[in-house]
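Turn these sequences into a full structure, and let the hints steer you where they fit.
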Amino acid sequence: MKLEQHIEKLKIKMENDREPFKYLKAAKRLMYKIKKKLKWNPMDLGLINLCGILAIETNNLDLAYKMFKQAVFLNPTVYSLNNLAYFYLYEYDDSQKSVELLERSINMEPTSELPYALLGQAYIDLNNFEKAEYYLKKAVQINPTHIILNNLGVAAYRLGKIEDSINWFKESLNLLQVTETLISYGFALARNGRRDDSEEVAEQLCIKFNEFLDSGKLYIFSEVMPVEIGEIFYENMNYVKANDCFERAMEYGAGDFISYYQYSLLQVSKIQRADDILKQYILEKEKDIEELREYDYYSERETNELISSYREEIDSISDIYEKIKIGYRPSIEFIPRILGGCYLFGCIRHRNKI
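Be aware that the sequence shown starts at 1, since it is given in my numbering, and climbs by one per residue.
The hints are simulated quantities; they were obtained by calculation from the structure and are not laboratory data.
Errors might be hidden in some of the hints.
[Unchecked claim] Computed spacing ranges between beta-carbons, pair by pair:
(1) D275 to E312: 29 to 39 Å
(2) L61 to M237: 47 to 57 Å
(3) K97 to E322: 40 to 50 Å
(4) L176 to K35: 54 to 64 Å
(5) L74 to L159: 38 to 48 Å
Here the structure is a predicted model, which is why all the values come from computation and not from measurement.
All C-beta atoms in this analysis are idealised placements derived from N, C-alpha and C, irrespective of residue type, glycine included.
Right, here's the structure in full:
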């Protein structure tokens, strides 16, 4: 069987949801064949790149890194530089190294959106939102996918261009309804003063969460949490609905959101409940401290540092509540989520062409 036929068979196995792990055997067999071919054709960039991609599929990250690096060493093309940059960003979390490689790649003026989109994402990671917006716009001009549009919305939002971010998030949602984008869209609308539109989004998110729970799945696997919905209502100053969401979130533990919840409660004169949730928060932290003392995983120094951190959190939340009681309104520091995607040239699974 020719190599192309093996690749096509692997594509079919990857797309077969009923047999999600059978492709691993096929991928390993194909990688074995490619490695044999590389012994006779060590300069074949196509084989080297394919071997690197299959190594990622089979979780052989050391081999993948070796292959992608070898490809750049032999011939630093648009796609070889891009694929090594992808590896640095997604596997090593090295945004700076990824940027250095991608800057070289785009200097060759690629006609694909992949290097521009990946570079935009890397710049978001580095908090350079001006450059992120610039390169993501270039990617959108080539191929406006829902992922690129979402990430362009993130860059615009972080630059304070709220109206632009709303438009990008909306365009992304028109292509595909992704929960993370919907959350960002709802919050951006709230920040822009479009209360009715924002609350309509929040209600959609409530339905999504309820449907998820009704399916019998654990809440921790939900794509949206009551806290996130509550924060949208809070931003809209709809404290009744914000309280409903925050109260639901309290079923899963008292998190850092309680300052928003306490403020919302005081706006509807529920002072006792605001007092009670502070007590609940402190009790949960004290329980965490006791469990730490009984846990022998950390060194004594690490344990003491963690306990000190928990104590500081208790003091901070308590101090904020005292300020809330005399009129302070905590601001939500909302950070919209980046959507990840496959930016590998030659990826079999996603059929990205070279």
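### Message
Does the beta carbon distance between K97 and E322 stay inside 40 to 50 Å, or does it fall outside?
### Response
Holds, at about 46 Å.
### Task
Could you check the hint for me, namely that L176 and K35 are 54 to 64 Å apart, CB to CB?
violated (37 Å)
### Message
Quick check on a hinted range of 29 to 39 Å for D275 and E312, using CB atoms only.
### Response
violated (21 Å)
### Query
For the pair L61 and M237, does the Cβ-Cβ distance stay inside 47 to 57 Å?
For L61 and M237 the Cβ distance comes to about 48 Å; the hint holds.
### Consistency of beta-carbon spacing, L159 to L74, with hint 38 to 48 Å
This hint holds: roughly 39 Å between Cβ atoms.
In this structure, the earlier hints numbered 1 and 4 are contradicted, and the remaining ones agree with it.
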